[in-house]
Every structure is written in structure tokens, then in C-alpha cells.
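Based on the sequences and whatever the hints tell you, model everything.
Chains B and X supply the protein sequences, listed in that same order.
Under our numbering, the first residue of the first sequence is numbered 1, with each subsequent residue one higher.
Under our numbering, the first residue of the second sequence is numbered 1, with each subsequent residue one higher.
Hints are computed from structural coordinates only; laboratory data are not their basis.
Given the structure is predicted, the values throughout are model-derived calculations rather than measurements.
There may be inaccurate statements among the hints.
You can't tell identical chains apart in this list, so a pair holds if it fits in one copy or across any two.
Within a straight-line C-alpha distance of at most 20 Å, the following computed EDC-like cross-link-like pairs (lysine to aspartate or glutamate) qualify [unchecked claim]: (1) Lys-104 / Glu-136; (2) Lys-195 / Asp-224; (3) Lys-29 / Glu-79; (4) Lys-278 / Glu-18; (5) Lys-278 / Glu-118; (6) Lys-13 / Glu-65; (7) Lys-195 / Asp-157; (8) Lys-195 / Glu-86; (9) Lys-104 / Glu-33; (10) Lys-28 / Asp-157; (11) Lys-195 / Glu-74; (12) Lys-13 / Glu-274; (13) Lys-13 / Glu-24; (14) Lys-29 / Glu-215; (15) Lys-218 / Glu-199.
There are 2 protein chains.
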Amino acid sequence: MAGMVLDGKAYAKELEGELQARVEQLQKKTGGEPPILATILVGSDPASATYVRMKGNACRRVGMESQSVALPEETTTEELLATIDELNASPRVRGILLQHPVPKQIEERECFDRIAIEKDVDGVTSHGFGRMAMGEAAYGSATPAGIMRLLKRYGIDPSGKEAVVVGRSPILGKPMAMMLLGANATVTICHSRTKNLAEIVQRAEIVVGAVGRPEFIKGSWIRDGAVVVDAGYHPGGVGDIELSAVIDRCSAWTPVPGGVGPMTIATLIAQTVEAAEKAAGIA
Amino acid sequence: MAGMVLDGKAYAKELEGELQARVEQLQKKTGGEPPILATILVGSDPASATYVRMKGNACRRVGMESQSVALPEETTTEELLATIDELNASPRVRGILLQHPVPKQIEERECFDRIAIEKDVDGVTSHGFGRMAMGEAAYGSATPAGIMRLLKRYGIDPSGKEAVVVGRSPILGKPMAMMLLGANATVTICHSRTKNLAEIVQRAEIVVGAVGRPEFIKGSWIRDGAVVVDAGYHPGGVGDIELSAVIDRCSAWTPVPGGVGPMTIATLIAQTVEAAEKAAGIA
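Structure representation (C-alpha cells):
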């Protein structure tokens, strides 16, 4: 049987409709100017520029404003920290997105962690990660949080299932593992030092590709009936998983594009709306 | 072959010697009164009282002071938070230990997270957990951090190994998993909702029992040659793992008592010394 398509694009669109209504309510209540999501792009990576533009557009579609800060390639850590400090202090800015990755000379972790936790709508701070992992209120990292929303939407409950996350990056693999654990999956985290990766992936009832290498995870590694989540996106529209080899025998899968990507953006926007509601005292 | 004993008691004693020398150096340099570890015990659980007393004693053995705060069973969250605030503000207090567990009416997480991160020498804050998980400087949760020290001491490198952590508590299972991941193990986290636990434990080259139930993990589940770490302690001197059934065919194991327990205390003390050195500007 062909696996069910986990249609992130369609669900994201639907979520946007709900978010638009919430922003409208918020505006009625507060009467002021719309909340702002500030986006910071450092350097001129075209893919990053596209992502930031898409996030700004989504923001405006739901009735918020976006403030885009573009910094040159040679920006220093100190300059970026100063920008973040300004946005932290800006009263209309309800959320701050620092587009990953930043140029090599910048201490990305230090900059992420400078974002005020109440404005960390992209879920990149260590503090937010820790709170999320401990089951406390926190904005989750947008991509894994978007994946959790998508699974829920399609009635896929990770509880008691074996989940294998391939990749352990700070904003994808690690928070994904902690979120699946929070949803009571038995979670295995694999990475570049993992031996027998194929064998470990074969155990997965839910497999998440979060490794950042095109079609690195082979279809043959994945067992029949698994839920296949591909968080990768590479030129040519391929993900981290060799999807074509598995879509006919898995139970569900996220297309690339149109699966995880739109959910990342929708989650960022949803968390910005939530932050704005909280700031207005209505959430 | 009989497995190597990971002798936490002996190593902890050796560490204490080193810590004593560091405290002496610190005192020479600063000339002031010795740094203080503040311990907070809420209620009258005899095991907890014993642990707190042991920690205070270890503190004094290395030349620091301990300040013990004992609060009644009926203490409220607000009262405990106020105590923590005072200790956070106290200039000689370099570390704060809030003994787990606290009575049920108290929001333990809120209280843990109130501890100033620079005084969180027991590694219980969400913030510290997040920083540790992201590879940033942070005091790790004392028990798993003690286990990592013990493994290192005996030349056991988790890199590339399959590690299975049974238990996902905030101060034991979760940080243990993140520390093993940081040391490049392929980590699986199991818990009460895990199916086929025996089968999953069988995969482990390193197994950590962190479940809090006496001999819950059967020796027969553990493969020959595994490294067996038992973080449990129960009346009668048994741990979470049925050790007697596995010590003859594992490669290494932590005795109960005398394995993980002493390392927990030594790590707490080591982290307090480090905090005192940092506060004095010499670390």
C-alpha cells in the first residue's frame, strides 16, 4: 500500500487561517499596531535569504508585521549581539528569528542564547530547549515542533513507538528527540559516529531524517509500515531520505517539498502569535 | 570473565584529595572565609536526610563549609522559593543543593529553576540542562556527570557505542542521555511506555539503570561484555539492575553501594569548588 502523505503545505495553510483570526482578535483587543516578528539575516546565502523572505511573507499574511534586519557577511559576534539586544528591548517586537546558519566567524550559540526567552519564537535558545525538554512551557524549535504538530494532525501518536532520529543538531535532531520522548516514544539518536546506522534505522517505527545530506538515508533501511519524516531540503527538491524507495510501503511520509518545510514556517508564526498574545495578557 | 569493578568509592576519595588541595589554593589566594555549599532539605525523609548529611560532610572534608537549611514537611513553594532567593543573594554561598525529592505540594521544577545558574552546582536547572545539552559550559546534573567521570577514569569511551538509558527523569535519565550523546554514543532512552524493554536493553554496549525500581532491569536482558552502570539505590543495598546475574559476564560494572553514589557526591563537591574558583576569578 502507498503511505499516507503528511501534507504540511495544506495543514500550514489551514493553520494560517486560524492564526489570522487570532491576530485579528488580538488587534481588536489591544487596538494598537500589529505585533512584529523581527528576522535577522547575516550574509548573502541565497537559500537563507529565501527562507527569511518566506517567513516574513507568512507573517504579513496573518496580519502581523515583519521587520527584516540584513547584516553583511563580515558581521562580528559583537555586532550581532548588539542587534539582538536592540530587538530584545524593542516593545513592538514580539518574536526574533535569527536565520541559521550564520557566517563562520560568528559564535552562533552565543547569539541564539542572547535572544530573550519570551521572544524566542523560533525555539533556538539553550534555555528554551531545557525548558521544553523538562516539560515546561517553552517555544519549541520550529522544525521539530512543526513535525510534532503534523504527526498530531494525522493522528500519529508516538507513544510506545520506537523512534529513530538521524542527526543531533541543536535546532533539529536534539529537540526532535526530546519532543518525541515527551510524547512517550522510545527514542534513539543517531549521528556521524553511529555504527550500523542501517540496522538501527530498520528498528524505527518513526524515522526522522535530520542529517542535512541529500538522500543519505536509504529507502532499503526503512521497515515496512514506518512513519517517514524527512526534515531535509536540498537543491533539486530532495530531502535527507531516499523517499522514492519507501513511499509505497511506509504507513505515512512527508513529501519534499511540501511536508516539513511549511510546518516550520507555520510553527514560527504560531509561536509569534502566542508570544504576542502573552504580551497582551490574553494567553 | 568477571567484569571490571568501576570503583566509585575509591575514585571519589582520590578526587576529594585533589579538591582539598584546590580549596587550599583558593583560600591562599583569596584569604577570606571558605566558600559555602548550602543544602536545603525539605521534610523528614530519612534517606534524604542521610544524603544531605553525607554531602555536607564531604564538603567539610575538602575544606569548604556547608550551610544546612532544614525546612518542615509542610513548606510551600513560595517559602522554598524565598529560601532559594536568599541563598542566591548570599555572597559566600557558592553552590546550592536542593535535595530531591521535595514534598508533593511543592512545585519542584519551579524551585530548581529558581537556583541561580552560577550556583547550580548540582545541575538541576532547565537552563543548565539546556546549556549542557548544547555543549556549552554548565554544571551537569551530579549523578550522570559523576557517571561520565567514572567511565572516563576507567578508560571507557562511549564514542560509537550503543548506549541504552532506562529512565527519563529530569536529573538522571534525560541528562545522562544527553551526556552520552555528547560523548558520541548512539543513545536510546527507554521509560515506562517502552515496549520490548528486554530486547532494547539487549542492544546496549553501555546500559544505565536509572529507573528507581529495585532490580527492575534483569541480568538476562544484558548482553555479554556490556558496561553496566547502576544509578539506583534501594533499601538492602540493591540498585535498579539485577547485578548479581551479570557481573560475571559483563566487561565492567558499578557496585551498589560504592559505584555511582560516591561519584554523585564527589561531582557535587567538584562543581562547588569550580563555582568558588570562578567566583574568585581563578577558573
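Results for each hint:
1. Lys-104 / Glu-136: between (32 Å within a copy, 18 Å between copies)
2. Lys-195 / Asp-224: Answer is between: at 19 Å across copies they meet the 20 Å cutoff, but 22 Å inside does not.
3. Lys-29 / Glu-79: Neither: 37 Å inside a chain and 37 Å across chains, both beyond 20 Å.
4. Lys-278 / Glu-18: within (17 Å within a copy, 50 Å between copies)
5. Lys-278 / Glu-118: within (9 Å within a copy, 29 Å between copies)
6. Lys-13 / Glu-65: within (18 Å within a copy, 60 Å between copies)
7. Lys-195 / Asp-157: between (28 Å within a copy, 14 Å between copies)
8. Lys-195 / Glu-86: This pair counts as neither: shortest intra-copy Cα distance 45 Å, inter-copy 49 Å.
9. Lys-104 / Glu-33: neither (37 Å within a copy, 45 Å between copies)
10. Lys-28 / Asp-157: Neither. Shortest intra-copy (37 Å) and inter-copy (59 Å) distances fail the 20 Å Cα cut-off.
11. Lys-195 / Glu-74: Answer is neither; intra-copy 38 Å and inter-copy 51 Å both fail.
12. Lys-13 / Glu-274: So Lys-13 and Glu-274 pass the 20 Å test inside one copy only (17 Å; across, 51 Å).
13. Lys-13 / Glu-24: For Lys-13 and Glu-24, only the intra-copy Cα distance (17 Å) is at most 20 Å; the inter-copy one is 64 Å.
14. Lys-29 / Glu-215: neither (48 Å within a copy, 58 Å between copies)
15. Lys-218 / Glu-199: Close inside one copy (11 Å), not across copies (25 Å); limit 20 Å.
Figure legend: structure checked against the earlier numbered hints; hints not met, in rising order: 3, 8, 9, 10, 11, 14.
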